[in-house]
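Chains as they are written, first to last, in the working numbering: chain A, 11 to 121; chain B, 3 to 119.
In case anyone wonders, no lab produced these hints; they're calculated from the structure. Among the hints, a few may not be true.
Simulated crosslink set (DSSO-like; lysine-lysine; CA at most 30 Å straight-line) [claimed, not checked]:
#1 B:43 / A:79
#2 B:16 / A:13
#3 A:13 / B:43
#4 B:16 / B:68
#5 A:120 / B:68
#6 A:13 / B:57
#7 A:13 / B:66
Please read these numbers as outputs of a predicted model, since none were measured by experiment.
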Amino acid sequence: DAKTTQPNSMESNEEEPVHLPCNHSTISGTDYIHWYRQLPSQGPEYVIHGLTSNVNNRMASLAIAEDRKSSTLILHRATLRDAAVYYCILRDRNQGGKLIFGQGTELSVKP
Amino acid sequence: GAVVSQHPSRVICKSGTSVKIECRSLDFQATTMFWYRQFPKQSLMLMATSNEGSKATYEQGVEKDKFLINHASLTLSTLTVTSAHPEDSSFYICSASQDSVSYNEQFFGPGTRLTVL
Numbered sequence: 011d012a013k014t015t016q017p018n019s020m021e022s023n024e025e026e027p028v029h030l031p032c033n034h035s036t037i038s039g040t041d042y043i044h045w046y047r048q049l050p051s052q053g054p055e056y057v058i059h060g061l062t063s064n065v066n067n068r069m070a071s072l073a074i075a076e077d078r079k080s081s082t083l084i085l086h087r088a089t090l091r092d093a094a095v096y097y098c099i100l101r102d103r104n105q106g107g108k109l110i111f112g113q114g115t116e117l118s119v120k121p
Numbered sequence: 003g004a005v006v007s008q009h010p011s012r013v014i015c016k017s018g019t020s021v022k023i024e025c026r027s028l029d030f031q032a033t034t035m036f037w038y039r040q041f042p043k044q045s046l047m048l049m050a051t052s053n054e055g056s057k058a059t060y061e062q063g064v065e066k067d068k069f070l071i072n073h074a075s076l077t078l079s080t081l082t083v084t085s086a087h088p089e090d091s092s093f094y095i096c097s098a099s100q101d102s103v104s105y106n107e108q109f110f111g112p113g114t115r116l117t118v119l
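Next up, chain A with everything else stripped away, as it sits in the complex:
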């Protein structure tokens, strides 16, 4: 499985933008880039995904490097409810769609 590298933790101030980086230098052409987040004692929650182009939805934006070897999840205005572990995952469509979680980035948001 292709691997991703994320910082262990990041801090942000409330109502400021947050950029969460992810490196995936061994990404293959069949890998989609997915982001999930997990609040304490809950199941993960889908955030966003993309293949080659940048993506926006109501929760976040995903910026994908032109060579696809890295990506950045952008939370435009962090709130206290955004404090969670954020996982960047490469999902291979040839692997039955399963998600292999790495260690993720623990985001803390200060009021």
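Chain A is fixed; fit chain B onto it per the hints.
Okay, now just chain B, sitting in the frame of chain A:
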């Protein structure tokens, strides 16, 4: 979005007993369901993939005879931890997909916290 439920949310059992955890997709048909385990302060570890009507596919190192998975319908999958021991205490989470196409999101259940005494 689609909803996945798990039951029970938490269970405490004695060592040597078996525990069944249910995972249901409430408003969609899930052709594929996944089971994960998560220890404190660690990431999720995929245990197995189950497709409706067929045998589950287990990840390397997961004992299929200890963790029995049944996916009898398009809305229900069960995980049975047989002869549970304290080291099986963990947070068990299921997820469901409408298909196995990689650009569709997976919907996760809220998790089941198992404590084996």
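### Query
Against the structure shown, which of the earlier numbered hints fail to hold, in ascending order?
Violated hints: 2 and 5; rest satisfied.
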